[in-house]
Amino acid sequence: MTAIATIRIQEADFDVGQEIAALTRDRTDIGAVVSFSGICRGSENGEPIAALTLEHYPGMAEAEIKRHADEALSRWPLTGLTVVHRVGRITPGENIVLVLTASQHRQAAFQAAEFLMDYLKANAPFWKREEGLKGSSWIEARGHDDAAAERWTKS
Amino acid sequence: MTAIATIRIQEADFDVGQEIAALTRDRTDIGAVVSFSGICRGSENGEPIAALTLEHYPGMAEAEIKRHADEALSRWPLTGLTVVHRVGRITPGENIVLVLTASQHRQAAFQAAEFLMDYLKANAPFWKREEGLKGSSWIEARGHDDAAAERWTKS
Amino acid sequence: MKVKYFAWVRERVGMAEETVEPPADVRTVGDLIGWLAKRGESYAHAFETPRVIRAAIDHAHVKPDAAIAGAREIAFFPPMTGG
Amino acid sequence: MKVKYFAWVRERVGMAEETVEPPADVRTVGDLIGWLAKRGESYAHAFETPRVIRAAIDHAHVKPDAAIAGAREIAFFPPMTGG
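Protein chains in written order, with this note's numbering: chain A, 1 to 155; chain B, 1001 to 1155; chain C, 2001 to 2083; chain D, 3001 to 3083.
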């Protein structure tokens, strides 16, 4: 069977169990499934937040995630992967992003999931705005996310 | 809140979504949850298998997993973790093992989950017997699992 | 060509997209940022620190020295904070 | 002391556990393997390749040179294949 990348950008929440079931249904060649769920925390840098609002670049976001999903499929022997990124207003404790990878072996599933998350953090065209106690502001990018993404660059 | 390790060895299947919900319920300090599901494949080394039977060392298995879970909690800033290992007869496509880690940040969650899986593969007292077409036999340990576990040893 | 703005670049410029016709000597993404910055106070504010501005041409990330000839859609935005 | 066997060690020995009273000169895990191997054909088969046998004393992994003095429960098994 061919490895398939499922990519969705949506306002609605996702269900990790359902997404795993969809990725593994009717297959007996999968030995390892790794999921990463990114969740909205109740504070940023020690300051409480009421919510995040996620903006994205429609069209480019899908295309860029697809390009990196295809790269993951070519670099690791995956049987499939799923990326779901939410947009809109998200409150503490709610899901933001899901990356799922499936493979025969665990190392491929772990590495591909880390690669995709590092990419999403540093290079996918999404922006977070936080609602704090004193109004709202855009979250600043962190240099160590760039460094994390950089480690996957082929030399 | 204190980080808690939940460890279970059971014949029954597990539900990843429910386990994630249990680990994250009523908390807003978690930014990242990583899950690893190990699944029974339909073939081993190219030979079709009908089922695996997992044997364990009761008492030691729980104690050893607990010791490694505590090590993970001390090495990475986790908010909690869950390990569920099934025993008994498991058919292709069914779950074998679950490792869940939760943290404020993704790197800690990924690394702790990989550490625990490497440990479980190489050192936890479980043994797999496979039912093939020509009878059943014990699966042999793989040297690269020992190597994977070795990389976490503090020098 | 169509120009799009996201996040605080969009808020500072005051619009999400517009169509512009830069003169022929505006050849690169960097030239375009300089030209846009002179269109008024809101633009000057949006582009006051060019080194933090990221750009994409037709949905692909580009550097400031990228040529804009043939571009259908150019987007400007701050460093990404998704995931 | 109680001795437990798992996986193919258990199958070859033909039982899951037993209580043994080795003589005083059986001091280490390795000594105990050698002593057990001489108890009969099933034991000889189970312990025919001592280097692949893993051992635990009171639920903790140990090497062949570990002393068995004071042990309540010693287990022998093949390399682990869990996870």
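If you're looking for bench data, these hints aren't it; they were derived computationally from the structure. It is possible that some hints are incorrect.
To be verified - Capping the alpha-carbon separation at 35 Å, the derived lysine-lysine pairs in DSBU-like fashion look like this:
id, chain 1, residue 1, chain 2, residue 2
1, D, 3002, D, 3063
2, C, 2063, A, 66
3, C, 2004, A, 66
4, D, 3002, B, 1066
5, C, 2004, A, 134
6, D, 3004, B, 1066
7, B, 1066, D, 3063
Stated by the list, open to error - Pair ranges (Cβ atoms, derived):
id, chain 1, residue 1, chain 2, residue 2, range
8, A, 91, B, 1071, 48 to 54 Å
9, B, 1071, C, 2019, 55 to 61 Å
10, B, 1133, A, 43, 54 to 60 Å
Cβ atoms here follow ideal geometry from the backbone N, Cα and C, with glycine treated the same way.
Hints, one by one, checked against the model:
1. Proximity of residue 3002(D) to residue 3063(D) is assessed by CA-CA distance (about 18 Å); at most 35 Å being required, the pair is judged to hold.
2. In summary, the hint linking residue 2063(C) to residue 66(A) is supported, as the alpha carbons are separated by about 21 Å, within the 35 Å threshold.
3. Pair hint residue 2004(C) plus residue 66(A) holds up; C-alpha atoms about 21 Å apart against a cutoff of 35 Å.
4. Between residue 3002(D) and residue 1066(B) the alpha-carbon distance is near 24 Å, which keeps this suggested pair within the 35 Å criterion.
5. Annotation: proposed proximity of residue 2004(C) to residue 134(A) holds, straight-line Cα distance about 29 Å (limit 35 Å).
6. Restraint check for residue 3004(D) and residue 1066(B): the C-alpha separation of about 21 Å stays at or below 35 Å, so the hint holds.
7. The hinted pair formed by residue 1066(B) and residue 3063(D) meets the criterion: a straight-line CA distance of about 21 Å does not exceed 35 Å.
8. Separation of residue 91(A) from residue 1071(B) is about 34 Å and departs from the stated range, judged on CB atoms against 48 to 54 Å.
9. Restraint check, residue 1071(B) to residue 2019(C): a C-beta distance of roughly 60 Å satisfies the suggested window 55 to 61 Å.
10. Taking the beta carbon of each, residue 1133(B) and residue 43(A) are about 57 Å apart, inside 54 to 60 Å as hinted.
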